[in-house]
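Student: Kindly generate the complete structure, drawing on both the sequences and the hints.
There are 4 protein chains.
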Amino acid sequence: MPSPVRPDRATAPETSHLAERFAAVRDLTLALAAPLSDADATVQSMADASPTKWHMAHTTWFFETFVLRDHVAGYALHDERFPFLFNSYYEAEGRRHARDRRGMVTRPSLDEVRAYRAHVDAALLDALPTLSEDAQALVALGCHHEEQHQELLVTDILHMFSENPLEPAMWPAARKIPVAMPGPIGWIERGSEIVEIGHDGEGFSFDCEGPRHAALLSPHAIADRTVTNGEWAVFIADGGYRDARHWLADGWAWVKAEGIVAPLYWEERDGESGSGWTRFGLDGRRAIDPAAPVTHVSFFEADAYASWAGARLPTEFEWEAAAASHDASGGNQMDVAGPVEPRPSPGGPAFFGDVWEWTGSAYRPYPKFAKVDGAVGEYNGKFMSSQFILRGGSCATPRGHVRASYRNFFYPHQRWQFTGVRLAKDI
Amino acid sequence: MPSPVRPDRATAPETSHLAERFAAVRDLTLALAAPLSDADATVQSMADASPTKWHMAHTTWFFETFVLRDHVAGYALHDERFPFLFNSYYEAEGRRHARDRRGMVTRPSLDEVRAYRAHVDAALLDALPTLSEDAQALVALGCHHEEQHQELLVTDILHMFSENPLEPAMWPAARKIPVAMPGPIGWIERGSEIVEIGHDGEGFSFDCEGPRHAALLSPHAIADRTVTNGEWAVFIADGGYRDARHWLADGWAWVKAEGIVAPLYWEERDGESGSGWTRFGLDGRRAIDPAAPVTHVSFFEADAYASWAGARLPTEFEWEAAAASHDASGGNQMDVAGPVEPRPSPGGPAFFGDVWEWTGSAYRPYPKFAKVDGAVGEYNGKFMSSQFILRGGSCATPRGHVRASYRNFFYPHQRWQFTGVRLAKDI
Amino acid sequence: MPSPVRPDRATAPETSHLAERFAAVRDLTLALAAPLSDADATVQSMADASPTKWHMAHTTWFFETFVLRDHVAGYALHDERFPFLFNSYYEAEGRRHARDRRGMVTRPSLDEVRAYRAHVDAALLDALPTLSEDAQALVALGCHHEEQHQELLVTDILHMFSENPLEPAMWPAARKIPVAMPGPIGWIERGSEIVEIGHDGEGFSFDCEGPRHAALLSPHAIADRTVTNGEWAVFIADGGYRDARHWLADGWAWVKAEGIVAPLYWEERDGESGSGWTRFGLDGRRAIDPAAPVTHVSFFEADAYASWAGARLPTEFEWEAAAASHDASGGNQMDVAGPVEPRPSPGGPAFFGDVWEWTGSAYRPYPKFAKVDGAVGEYNGKFMSSQFILRGGSCATPRGHVRASYRNFFYPHQRWQFTGVRLAKDI
Amino acid sequence: MPSPVRPDRATAPETSHLAERFAAVRDLTLALAAPLSDADATVQSMADASPTKWHMAHTTWFFETFVLRDHVAGYALHDERFPFLFNSYYEAEGRRHARDRRGMVTRPSLDEVRAYRAHVDAALLDALPTLSEDAQALVALGCHHEEQHQELLVTDILHMFSENPLEPAMWPAARKIPVAMPGPIGWIERGSEIVEIGHDGEGFSFDCEGPRHAALLSPHAIADRTVTNGEWAVFIADGGYRDARHWLADGWAWVKAEGIVAPLYWEERDGESGSGWTRFGLDGRRAIDPAAPVTHVSFFEADAYASWAGARLPTEFEWEAAAASHDASGGNQMDVAGPVEPRPSPGGPAFFGDVWEWTGSAYRPYPKFAKVDGAVGEYNGKFMSSQFILRGGSCATPRGHVRASYRNFFYPHQRWQFTGVRLAKDI
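Protein chains in written order, with the UniProt record's numbering: chain R, 1 to 427; chain X, 1 to 427; chain L, 1 to 427; chain A, 1 to 427.
Worth flagging that the hints you see were computed from the coordinates, not collected in a lab. Glycine residues also receive a C-beta, built at the ideal position from the N, C-alpha and C atoms. Be a bit skeptical, because a hint or two may be false.
Cβ-Cβ distance ranges computed for the label pairs, FRET-style [unchecked claim]: (1) A/P346 x X/R69: 50 to 58 Å; (2) X/L77 x R/E193: 47 to 55 Å; (3) R/A291 x X/R69: 45 to 53 Å; (4) X/D327 x A/L30: 55 to 63 Å; (5) L/A115 x X/V261: 57 to 65 Å; (6) R/L30 x L/D327: 53 to 61 Å; (7) R/L30 x L/A23: 54 to 62 Å; (8) A/M46 x L/G259: 21 to 29 Å.
Tutor: Right under this line is the structure:
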């Protein structure tokens with residue numbers, strides 16, 4: 001999700017309840033940041049991640065710039081210096097603007113950023129009734145944009161806490177409801193078929209989800225659930241990370257260079273029951289749950305696991321065809337601020353929530369995809385090289401955000417998002 | 001072409017003239033190396049390239065190992081130490097084996113490598129009549145393998161000479177036959193259609209070319225020729241390398257980090273007629289020919305050019321569908337050792353030779369692709385991440401080597417091969 | 001000053017007023033940190049620098065470990081997890097402990113670190129009257145140790161603020177008292193002479209300041225003041241940073257690789273009076289004062305300036321011989337928390353305060369120097385390669401900390417301390 | 001020895017036998033290169049090393065430029081393109097000139113470089129009788145300069161062969177004459193004393209050897225021989241490379257980052273008699289000789305060994321004072337081309353030959369040292385930072401080249417020269 005701003009192709013704004021939606025989205029961001037100190041919200045733990053404060057301010061800058069500045073006469077910027085700090089859009093113009101120095105901005109403080117949010121929220125809610133349809137569409141876009149940053153905020157802060165030797169918990173652990181171990185994977189078969197892929201234009205979507213177009217599927221089977229932590233521990237115990245035969249060449253080079261032996265945040269601890277593997281999460285370090293979907297694995301790991309298991313990853317079209325009939329708002333997605341994590345599934349095919357599922361499809365444009373002109377659309381297609389598609393949303397995706405046509409994408413070595421694995425097979 | 005050995009799926013050996021074919025392939029390699037000194041053949045100019053001597057010995061090791069050692073009773077290795085030096089197959093087991101240290105092997109000398117070749121050639125031709133069908137198939141595979149290395153040998157030595165301030169010419173220039181500037185690009189249109197893609201199993205192919213399968217094309221137009229040097233000079237003059245809007249994000253980062261301003265080997269020289277641009281080639285440094293296809297451009301450059309031109313790159317399926325009816329052995333391909341380079345086309349659609357054409361398709365497996373077991377097939381699919389497909393062969397491809405289904409692949413920043421651009425458009 | 005802990009050679013503790021001294025030192029650290037937010041005190045801007053919070057906790061850990069834990073029966077650690085976080089002593093035992101990840105420790109918070117300080121202060125003041133002479137000597141050592149960290153705290157926080165595009169001022173600017181431009185440099189001459197160098201054993205010193213020993217001076221002249229900002233601007237205007245002849249080879253490589261054109265924190269701003277040069281300081285960005293000593297220059301720059309000026313840097317022995325008769329507690333040193341910076345000198349030879357002065361002497365041991373055994377002395381000589389000696393203290397050195405024999409040291413490219421230049425000549 | 005050209009301070013040329021000396025020096029270079037193929041002489045194995053061909057051509061360029069071009073009317077350059085290739089003097093003007101790309105110059109060939117040498121030799125010998133005294137001094141300087149490159153040639157080619165998995169021997173092994181193990185180190189004591197240090201101006205010297213000046217020694221003892229391979233094996237067996245206490249901080253970081261466990265070229269081989277340690281040398285890989293001086297150790301290793309042994313390295317003044325009364329032309333130095341290596345000493349104090357001895361002195365200028373003006377002297381002092389002094393010459397130093405005042409220098413991590421260790425102690 002390196003390009004957080006991918007504008008709405010649809011021109012129909014969600015006008016009826018736009019104010020309520022705006023308020024709810026803005027409130028969730030505040031709730032997510034509520035447990036954080038000023039310092040927590042300021043530090044940047046790696047170049048791929050941004051500080052919480054930056055997410056909070058950047059999403060605000062989006063509304064301030066594209067709605068208030070451009071569509072509300074007489075609006076004065078809250079602070080003339082903020083666009084320079086919180087604009088991620090245009091080509092960097094110097095070292096201060098560099099993405100990897102966002103953690104140097106101790107000032108403005110977290111409280112000042114909250115004040116910036118409050119100022120923009122009030123101005124926007126005040127202006128909303130009189131906004132043009134175009135401007136209202138931009139408000140709707142800004143809400144989707146902020147939802148993307150909510151997921152990044154959660155995964156970025158998790159990474160930051162993982163770098164603290166004290167391994168602080170962001171929230172207390174949720175109560176665990178015992179769930180039986182999932183049974184063997186069931187396979188959903190499908191023959192050769194032409195299917196319609198991509199967003200159909202009803203409601204909001206990002207531009208890379210379309211145009212909707214026909215695609216030809218080959219006969220295949222797709223798993224009815226994702227791979228679990230328990231299954232992954234078997235892969236590790238079987239030497240999966242030490243056997244080059246399972247790995248793509250680039251993946252094997254990554255494993256050796258980085259000393260990878262397990263998913264991100266896993267550590268083996270003596271005295272743990274079961275496999276001895278623990279994971280770090282938003283509720284601190286705990287034993288892995290063997291019944292829950294494995295997460296924080298890279299594409300390289302996902303592909304190697306599939307190879308070891310005698311399977312492969314699904315294509316994004318196979319995934320979308322299988323998921324299209326399922327409820328995209330179901331499953332384990334984020335409803336409120338709290339210690340989200342993948343959970344054992346109650347059973348039955350599920351395609352949404354828990355973990356983003358790596359597909360075997362490279363992120364490339366659909367037929368007739370075209371870049372949108374202007375600032376909002378400046379960068380829509382620019383990330384379409386060397387990344388792979390993920391589908392289905394995760395436990396950190398705000399419920400309602402994801403669709404069957406939704407295309408997320410990351411580089412094959414990245415794994416700090418809630419990323420997991422669903423298998424597929426040729427038949 | 002990072003994986004030079006991709007085994008034959010077909011089991012039917014080309015037995016009738018195998019000895020002649022073997023001799024011809026082996027002779028061409030010697031002819032390509034003929035102008036080189038021992039030092040020329042030893043030096044490695046970058047990690048992506050290998051020394052000529054290494055290519056000569058590695059292709060020989062292939063025949064020695066998989067044919068003579070495995071199928072000829074009583075064969076004794078020419079030198080027990082050579083497998084360690086000239087085996088590219090297995091995971092590196094220490095620093096000496098490292099790909100980027102191949103240029104340290106001043107000994108054995110070029111003459112000793114020639115003697116190694118002669119020894120293996122004699123043994124193989126001696127054994128050929130009595131070889132099993134399987135072993136004969138391996139000989140045929142070895143010939144295709146060596147042809148791949150012939151192209152690498154030419155492009156690697158060109159790169160090596162380009163690093164010498166004296167810019168030595170490998171061969172004298174060929175006589176230039178004046179050719180008129182090509183007219184405007186013509187567009188070959190095609191509607192929505194299901195086509196068969198991949199090798200049909202007649203004759204030799206590499207495993208990644210299959211299985212043959214149906215693919216659905218979208219309505220599109222594909223150019224009837226590749227982009228020329230003259231057109232590229234306009235792109236440069238129009239600021240193409242300085243305008244981030246044309247570039248993929250990874251490509252723009254590459255342009256800035258490496259200071260890219262023109263195709264590889266281009267330099268601006270005062271006093272040159274025309275644009276002032278020169279290129280370095282196997283015949284030394286000369287003015288660019290505006291009518292000839294541009295070459296030594298990366299995928300990033302190809303994609304940026306297409307964006308600037310209001311077009312896009314073809315998919316590999318669009319390319320294959322358009323090329324399938326053309327003669328794969330036609331056009332400007334390599335017949336003999338000499339100063340190969342892309343040449344102005346005599347006119348009419350041409351899909352083979354001159355330059356490998358970047359497609360917009362990532363290198364991924366076809367439906368039902370499966371790795372071959374064992375050493376020869378160990379690594380066939382392992383390069384299927386982060387690389388893009390090129391099609392059509394080049395001026396340095398031995399004539400007869402390439403097919404409509406042939407899939408070459410390189411990383412998007414690589415450009416020391418003879419790589420060029422064909423445009424396409426959605427219609 | 002990479003090794004902040006260099007233990008007391010002297011065994012005589014400063015017992016009479018130890019409690020007062022301890023309280024004063026501890027209070028100054030709190031006063032220095034007073035303007036900082038939790039976030040300000042947490043962020044680490046480069047590997048060479050540490051967060052304020054780390055300085056505050058590490059100096060506290062020193063007293064807790066070597067005095068309370070080792071010498072006070074029944075003392076319980078304030079927090080069992082803190083030694084792992086705040087011990088800089090022993091060889092790193094894993095990635096979490098890495099010096100360059102100190103900025104990840106958002107928790108404990110600044111208030112929790114203040115509470116840690118209060119706990120240890122109370123325990124130590126309580127135990128002080130009954131401590132053995134050895135333990136009291138460790139308290140005195142801890143005070144000197146903390147003074148070293150006070151200077152690092154100030155220079156590290158200045159660097160951190162310099163990385164924020166908003167360039168926050170730590171304190172309001174002090175009132176500027178107009179001072180006349182200094183006159184030409186006066187030269188203090190000295191013939192061939194044997195002098196006594198090193199600490200004489202009266203009062204506290206660090207081990208590398210001794211043993212006191214004879215040294216032979218050559219005839220030379222040493223400047224009676226340091227080089228000013230105004231003089232440095234002339235060096236820049238004369239092309240000093242663009243002429244390789246003035247520079248050591250390593251320095252020239254550094255200038256080119258880093259794009260160095262002026263002292264650290266200098267930027268040219270249109271509309272500035274005078275030269276147009278500004279500098280960033282603890283009171284924000286302001287025009288340089290041409291009469292004040294230049295600071296934030298590396299050894300490489302100091303050496304190049306001296307070469308350009310037809311002079312050289314003094315040896316550390318020449319400097320110490322010249323400075324020995326001056327009052328080490330005089331000049332512009334740090335008395336209270338505030339916007340310290342080098343100031344124009346009122347005239348007359350001055351050797352202490354304002355800027356640490358680069359000498360031409362490599363940091364190497366004196367004759368008969370021996371490492372101290374045990375934890376406190378573990379690392380005393382380990383930094384004696386590739387660093388250069390600086391003498392005289394700076395505006396950020398707590399008054400009373402420095403001596404004529406005091407040896408500070410940094411790598412030749414480092415310049416985030418208040419470092420400046422005094423010239424010398426052979427005669 | 002990074003700056004191979006350090007001009008003659010003395011103006012008195014060695015005129016009487018200059019032609020003979022010139023011829024002898026030039027012949028030794030040819031003899032050293034005689035066993036090499038064109039490829040051997042072309043490859044560059046690391047940025048610190050240069051190809052043999054480059055050494056042969058650069059030393060020739062020196063005579064051609066500073067004697068023939070500047071002092072012989074009508075002399076025409078042998079090849080106008082060679083100064084660009086073989087001039088090491090002036091600041092690099094582009095990537096082609098880069099020191100680390102010297103290995104790309106496969107052409108001119110070794111034979112062409114020999115022809116270049118022959119051309120210049122003939123022209124110079126022809127001109128010699130009529131040359132001015134200044135020009136003759138430059139010829140003498142060129143001979144000293146070439147001797148420096150002879151030692152570099154030998155050590156650089158040894159490094160290049162060490163990178164070939166076949167580990168070729170440059171020459172057959174010399175006959176080994178059994179020598180008894182050396183007895184315990186004897187200590188040469190000396191009290192506090194003023195001594196004269198530096199070259200006295202009689203005969204040739206490089207500028208950094210002077211001016212001669214008084215220096216004050218402290219009471220000390222210096223070993224009467226260097227450390228042996230056998231003693232070094234004990235250091236290894238005692239865990240010397242695994243115990244941070246022995247090491248300078250920079251050295252310990254180097255040991256860990258590079259995985260250093262033994263001197264360069266040492267490898268442990270099963271089945272070897274004695275310690276199992278072998279070394280690679282000009283005669284290939286062989287068991288270490290426990291009685292011979294250890295070599296190919298860095299300053300960091302030398303300092304760690306001394307620390308482990310309860311001693312220290314001598315200062316360069318202590319070394320020079322002890323060596324001044326010994327014959328600088330004695331010991332194991334290079335007389336003819338062949339497999340030089342350190343050899344067991346016949347007994348009695350020896351200060352010259354076998355191995356360059358690391359001192360504890362940083363490379364800094366002597367009092368009143370001044371750079372020489374002009375091209376020949378352009379760079380004399382520019383290497384005087386971060387390097388350490390070595391004294392005494394080695395088995396690869398042409399006999400007659402070294403003096404008691406001779407100052408060699410390398411960075412503390414470098415060890416591909418024949419570098420070893422002599423201990424000293426305070427008394």
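Student: Quick check: which numbered hints come out false for this structure?
Tutor: 7
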